Amino acid sequence: MKEQLHQKVERIVHRFGFANVRVSNGKAGQITLSGNVGDINDRALLVAVARTTPGVRDVRSEITVTK
Numbered sequence: 006m007k008e009q010l011h012q013k014v015e016r017i018v019h020r021f022g023f024a025n026v027r028v029s030n031g032k033a034g035q036i037t038l039s040g041n042v043g044d045i046n047d048r049a050l051l052v053a054v055a056r057t058t059p060g061v062r063d064v065r066s067e068i069t070v071t072k
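For the sequence shown, counting from 1, position 40 maps to 45 in our numbering; every step adds exactly one.
Keep in mind the hints are simulated off the structure, nothing from the lab.
Treat the numbers as computed from the prediction; the structure is a model and nothing was measured.
Wrong hints could be hidden among the right ones.
Here are the simulated lysine to aspartate or glutamate pairs, EDC-like style, with alpha carbons at most 20 Å apart [what the hints assert, rightly or not]: (1) K32 <-> D63; (2) K13 <-> D63; (3) K13 <-> E67; (4) K32 <-> E15; (5) K13 <-> D44; (6) K32 <-> E67; (7) K13 <-> D47; (8) K72 <-> D47.
Listed next, with one range per pair, are the computed distances between beta-carbon atoms [said to hold, decoys possible]: (9) K72 <-> A33: 31 to 41 Å; (10) A53 <-> S29: 14 to 24 Å; (11) R20 <-> D44: 14 to 24 Å; (12) G34 <-> K72: 28 to 38 Å; (13) Q12 <-> V52: 13 to 23 Å.
C-beta atoms are modelled at their ideal positions from N, C-alpha and C, and glycine is treated no differently.
Kindly generate the complete structure, drawing on both the sequences and the hints.
Below you can see the structure in the form of structure tokens.
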């Protein structure tokens with residue numbers, strides 16, 4: 006079975022060590038990231054990683070930065 010787009014992005018995100026970030030599908034290539042990260046640079050990294058994943062056309066970030 007072909008890996009779903011959100012599963013592909015989630016696998017990559019978790020490789021970076023962000024276990025608190027969830028990935029969900031939107032419409033046709035849209036990905037939504039949600040959860041918590043430690044700083045704004047982590048959030049920017051996650052959005053960039055998701056955007057560069059083949060098949061992703063749009064990234065919506067609902068990630069909260071917590072300290």
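Hint check:
1. K32 <-> D63: Judged against 20 Å, a Cα distance of about 9 Å means the pair holds.
2. K13 <-> D63: holds (15 Å)
3. K13 <-> E67: Cα-Cα ~19 Å, so holds.
4. K32 <-> E15: Since the Cα atoms of K32 and E15 sit roughly 17 Å apart, the hinted pair holds (cutoff 20 Å).
5. K13 <-> D44: violated (24 Å)
6. K32 <-> E67: The hint holds at about 16 Å.
7. K13 <-> D47: holds (19 Å)
8. K72 <-> D47: Holds, at roughly 12 Å.
9. K72 <-> A33: 31 to 41 Å: holds (36 Å)
10. A53 <-> S29: 14 to 24 Å: holds (18 Å)
11. R20 <-> D44: 14 to 24 Å: holds (19 Å)
12. G34 <-> K72: 28 to 38 Å: holds (33 Å)
13. Q12 <-> V52: 13 to 23 Å: holds (18 Å)
Violated hint for the displayed structure: number 5, the only one.
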